[in-house]
Amino acid sequence: MSGILPRLIECAEKANLIHVVIGGLALPAYNVVRASYDVDFCIAVKDQDELDNFLSILNKNAIKTQQRPKSDDVVFTVYDEELRQEAEVWLTPCDKFRWDDEMISRIRKSEKGFNVLAPEDYIVAKLARTDRSAVDVDDVMQIIETQRDKIDMKYLSKRAEWAGVGNDLTNLLKKLG
Amino acid sequence: MAQFPIEAVMESDVKRAKRNVEKVRRAMKDTGKTAYQLFDELMETIEYVRDSSKTH
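Protein sequences, first through last, are from chains D and A. For the first sequence, the numbering used here assigns the number 7 to the initial residue and increments by one for each residue that follows. For the second sequence, the numbering used here assigns the number 31 to the initial residue and increments by one for each residue that follows.
In short, the hints are calculated from the structure, not lab data. Since we're looking at a predicted model, the values are computed, not measured. Where is the CB? At the ideal position from N, CA and C, for every residue including glycine. Just so you know, not all the hints are guaranteed correct.
[Stated by the list, open to error] Over the 10 Å line for every Cβ pair with chain D, so calculated as not near, a few chain A residues:
no., residue
1, Gln33
2, Asn50
3, Arg55
4, Asp60
5, Thr64
[Unchecked claim] Some chain A residues judged to face chain D by a derived CB distance under 10 Å, without partners named:
no., residue
6, Val44
7, Arg46
8, Val51
9, Val54
10, Gln67
11, Asp81
12, Lys84
[As the list claims (entries may be wrong)] Keeping only pairs whose Cα atoms sit at most 30 Å apart, straight-line, the calculated DSSO-like set for lysine-lysine is:
no., chain 1, residue 1, chain 2, residue 2
13, A, Lys48, D, Lys160
14, D, Lys180, D, Lys164
15, D, Lys76, D, Lys66
16, D, Lys180, A, Lys48
17, A, Lys84, D, Lys160
18, A, Lys84, D, Lys115
19, D, Lys180, A, Lys53
20, D, Lys181, D, Lys156
21, D, Lys181, D, Lys102
Just chain A, with the same shape it has in the complex:
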């Protein structure tokens, strides 16, 4: 099995990773929620969208 090479990480990948970190950091600060609470909300939203798409 091949490993994804670190050399293949682009500047845009680094920027995206940093942006995601900043989004979570800001959401935690603004809402007072923990990362686990944000994770639970994300998963609930995904499930809601998935269930909704089944009925439409």
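Only chain D is shown next, with the shape it has when bound in the complex:
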């Protein structure tokens, strides 16, 4: 693992934050492979102090942001001045909802050593996002196919209803057959 991601993980560990990799880099954890250059890193902060502490650790490691993120924001961009690489740091797995305890308890480790969401939560985060694209839907279809035997359908349905995408999930499952 190289680039900005291990440095972000190290900073999150130092700040004692729960963290996961989301976006395209997380897909192989569900046995889905598609090209992606974007680094989407997601942290869970309880309050502004925790976020400020994380920002200060990032800053000490030459990872800067030009924004002034607030703990109830959705996402901010950081730039690694040493590696000249950019990443998005999300404060919630999806712009439509925030973290909750069950989501956190289902986090798992990928073979790369970084944390990812449970497939059910990843699917719902993709389906619920405000700017959901055709690529997001394609990712979801492939995850459902690869994880068919492993997915907790009861939890997936409950989570999809909760996020307001119950019908979308049902329709997609019908199309997949």
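Add chain A to chain D, keeping to what the hints say.
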């Protein structure tokens, strides 16, 4: 911002998604590589092609 509607997913999209899943599944089985190893190879290939096209 608009969401891509599930109603717009065509049968061909479903078939393509299933085909991609099958390709990865077969590659993992045939090579013994993990999905992350296949992903790393894919990205290396893309970078190689991109770099090559810059010099030609």
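Hints, one by one, checked against the model:
1. Gln33: 4 Å, violated
2. Asn50: 6 Å, violated
3. Arg55: 7 Å, violated
4. Asp60: Since the minimum Cβ distance to chain D is about 14 Å, aspartate 60(A) lies beyond 10 Å and the statement holds.
5. Thr64: 6 Å, violated
6. Val44: 5 Å, holds
7. Arg46: The hint holds - arginine 46(A) has a Cβ within 10 Å of chain D, the shortest such distance being about 8 Å.
8. Val51: Since chain D brings a Cβ to about 4 Å from valine 51(A), closer than 10 Å, the hint holds.
9. Val54: 5 Å, holds
10. Gln67: 9 Å, holds
11. Asp81: Constraint on aspartate 81(A) not satisfied, violated at 14 Å.
12. Lys84: 16 Å, violated
13. Lys48(A) x Lys160(D): 23 Å, holds
14. Lys180(D) x Lys164(D): Satisfied, since the Cα-Cα distance of roughly 17 Å is no more than 30 Å.
15. Lys76(D) x Lys66(D): Between lysine 76(D) and lysine 66(D) the Cα gap is close to 19 Å, so the pair holds against 30 Å.
16. Lys180(D) x Lys48(A): 14 Å, holds
17. Lys84(A) x Lys160(D): 50 Å, violated
18. Lys84(A) x Lys115(D): 38 Å, violated
19. Lys180(D) x Lys53(A): 23 Å, holds
20. Lys181(D) x Lys156(D): 19 Å, holds
21. Lys181(D) x Lys102(D): Roughly 24 Å between the alpha carbons, so the hint for lysine 181(D) and lysine 102(D) holds.
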